[in-house]
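Enquirer: Since the structure of chain S is provided, determine the placement of chains D and W on it from the hints.
Line order of the protein sequences matches chains S, D and W.
Read in the working numbering, the first sequence has 406 at position 406, and its numbers run on one by one without any break.
Read in the working numbering, the second sequence has 502 at position 79, and its numbers run on one by one without any break.
Read in the working numbering, the third sequence has 796 at position 118, and its numbers run on one by one without any break.
What the hints contain is simulated information worked out from the structure, not anything from laboratory work.
Among these hints, one or two may not hold up.
Partner residues are not named here, just some residues of chain D that face chain S (Cβ under 10 Å, in silico) [claimed, not checked]:
id, residue
1, L432
2, D459
3, G463
4, D589
5, L625
6, K627
7, D677
Note that CB positions come from ideal geometry on N, CA and C, so glycine has one too.
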Amino acid sequence: MTDFNFTSRFIANGVIFCALFYPISASARSIRVGLEEKVRSLRAAIEMADPGDSILVEPGTYKEGNLIVQKMITIIGEHLPVIDGEGKYEIFTVAASGVTIQGLKLVNTGRASIHDIAAIKGLDAVGLSILDNQFVDAFFGIHLSNSSDCIIRGNTLTSTVKDTAGVQSGNGIHLWKCNRVTISKNTIEGHRDGIYFEFVTKSRVVENISRRNLRYGLHFMFSHDDDYLYNIFTGNGSGVAVMYTRNVKMTGNRFLDSKGAASYALLLKDIGDSRIEQCRFEGNTVAIYMEGSSRMIIQDNEFRENGWAMKVQASCDGNLLKRNNFVRNTFDISTNGSISLNTITSNYWDKYDGYDLNRDGHGDVPFHPVSLYGMIVEKMPTAVMLWRSFLVFLIDRAEKVVPAVTPANLKDDFPAMKAYDRD
Amino acid sequence: MIRITKHVLYDILRNRFVILYALFLMVITLSLFSLDSDPGKAVLSLMNIILMVVPLVSIIFTTIYFFNSYEFIELLLSQPIDRKVIFFSEYIAASFTLSVAYLLGVGVPIFMLSPDWGSLYLVFAGLLLTWVFVSLAFAASVSTRDKARGIGIALLFWFYFGLIYDGFMLYIIYSFSDYPMEKVTLALVSFNPVDLARIVILLKLDISALMGYTGAFYKSFFGTSLGTVFSASMLVLWIVLPLIYSLRKFLSKDI
Amino acid sequence: MIEIRDVCKRFGNLEVLRMISASFTDGNSYAIVGPNGSGKTTLIKSILGMVLPDKGSIEVSGQVIKGQWAYREQIGYMPQIGRYPDNMRIGHVLDMIRDLRHTRSETDEELVADLGLKALFDKRMHTLSGGTRQKVSAAIAFLFDPKIMILDEPTAGLDPLAAEVLKAKILKEKSRGKIFLITSHMMSDLDELTSEIVYLQEGAVRYAASIPAIKVEAGREKLGQAIAEMMRRDFKRPSP
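Bound-form chain S, shown alone:
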């Protein structure tokens, strides 16, 4: 792996070097590849092409093993020609600048437990564009490492391969050590992680749909200064996990239907100085799980019909929770700590039954979002059977009157009387 990476990076660097100094011919050619054309194989076309040339691929099925692209070319499929990896090969390996791959249907790559075999792999690629392709049953769909200024847009990635003992499924869009990548309007389904970032910075993930992936819909670590805007994450095995990162912005995303004992719609672990705004969390077992996270701004979000809206561990501090709607969650907040170092204010809680005598739109008595029964259920999940029973009502009422177990100062002093209108 390391050897391979080293060599390929060496080659790639060479290519970039060449590309920079090679005079691109003013009259770029366009090579047609098709069963009825002179050039019948994609491999031959790539070999023939000079930097700057385009290859037009006509409809058909191409089985050509591993295609290595080391020059700045554009490959465009007409009516989704099928490039078949025959269950053995990585399809495209791109190690050049300015390569575009568009409109292809990439199916059935090889699978391995050692190599990350991908339908399109970018190694030290600069300005790689992957547009409007379909990926079916790829091990890894798109796999970029050490690349920058890439665009991944309008692709559809689906995998129907389940995890088995021998071979796992791979990630849909996998980025390692990349910079300034834009991932937009893709749909990823049935992979291990829908989108996987490790050491990816200054990138944007916009308007993607990541659903029913086996592990995380989005998974990122050590990926600072990224924006995640208007994506939809739904029905992923364990939701979305973000870790060891600072300065990210998550705006307008929808986190839906992550259900399971170890499933979190959004898991935050060691995240700092980041913002989660205008997101919608609905129908999840746990909407946000926070651990070791600091100085987060979580505001204007909608928490609806989740088991727990938020689980805030004691290791979190300096976070602001403001102007969120908490509606019909089984439990609003749970915590393992006794003191709260976070600010909770001006949220709407549908469980709030206080009054607003001065008519400023905010309740006059604080709201305590942690319920004793919620803590019981956390320790003894089967006690969930008693939810909304009279007994539980009595327990929670008693705890409200004389708080003995729940943290008394974890409260919203300024609870909104009406839900914020989001539409």
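Expert: Same frame as chain S, but now just chains D and W:
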């Protein structure tokens, strides 16, 4: 049977209490919906009230009715009428009356204000609960001759299923929290009709998100319609079993 | 024809009927007498199937009544205290009973008319006096012209006029060959109405004989006195 039920019904429907009950439910339902802008939340609040009030009224009303209609039963028994027929006529009349009151008080307003599946399940579970507690009322009534004692037993049933049993269940869950308790808890729930009705409603209303947390068993059980079918059929057993018990008692009872 | 064989009944610790055997034959009328708590009402209720004997058998017209109900078509019953659903009107009660019996033949409305119930049809049962209720009970008992009449304290609570109407009716029906079982504490009534006596004590039949015979044996003219005399003799005798 129909003829006799008709006459028993005529008698029971003159009871003003039933009308009060329907009105009370209607006032509660309407006020909850007008107080809360979110109809889903109103349905949940309504559920809490229904789970307490419906069993209480059903069991107390039926028990009192049964003891008050001793004369009527006596009169019927001196006529050439099968005891079984008398028994079932009484049961049908009592549960029919309470069901109609419940449907008028809760069903009609809820279907006008919030016609969705959650409401349907709420109404459905309330009906089942009505029949269960009418059944239990019969069991309480036939096991003693003394009206005060009968009402006492009925109240005990209500209190037991409404509160005590759940406390007992929580205690068991707590004591054995180190063991896999999912199936045991499920079995325990089956022994309490109020819990069953609550679960039928909650499965449609708001618990499904939480079910994931409790592991694969609950998820597969309650995530599918299996949970609803199971709970509803257990409720039917809760109607049938006390009824069989009271029928047997009634058949060998000296009036 | 009613045949009672070795009937026992106990309520808890209390033995109410101890091995009672008796037979009531067609065309006869029987006075069932005895002190309070001697088991008269229990015996009657046993025949009606309201009380289920622990032991023994009861036959009505040759049919064992255990678990049966259709035989009650042959019985008219007037309870000691007629209790009816409070909210019903007299007219409705009568209609209901007619409807329940679903009878094809004409009903015997004689008592309804003679006891003046028609004028009270619109009265609710709970507004009625005990006597009026008794009238209703009596009317119902005779309504279907049954072969067997069981009357538990029929004249108690009735005004003298109504009592006479009822007694006249009983005598009339008796002459038509009905069996009458009458319990009463009014010995003079029984003297008038019945021809046989069954004397119960502590749940067992003490005497069963014809009334003329008992009068002769006691040497008294009136039934009440005859019974009192027999009881007195009883006390003098050493108990077995």
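Enquirer: Okay, which hints does this one fail, numbers in order?
Expert: 1, 6, 7
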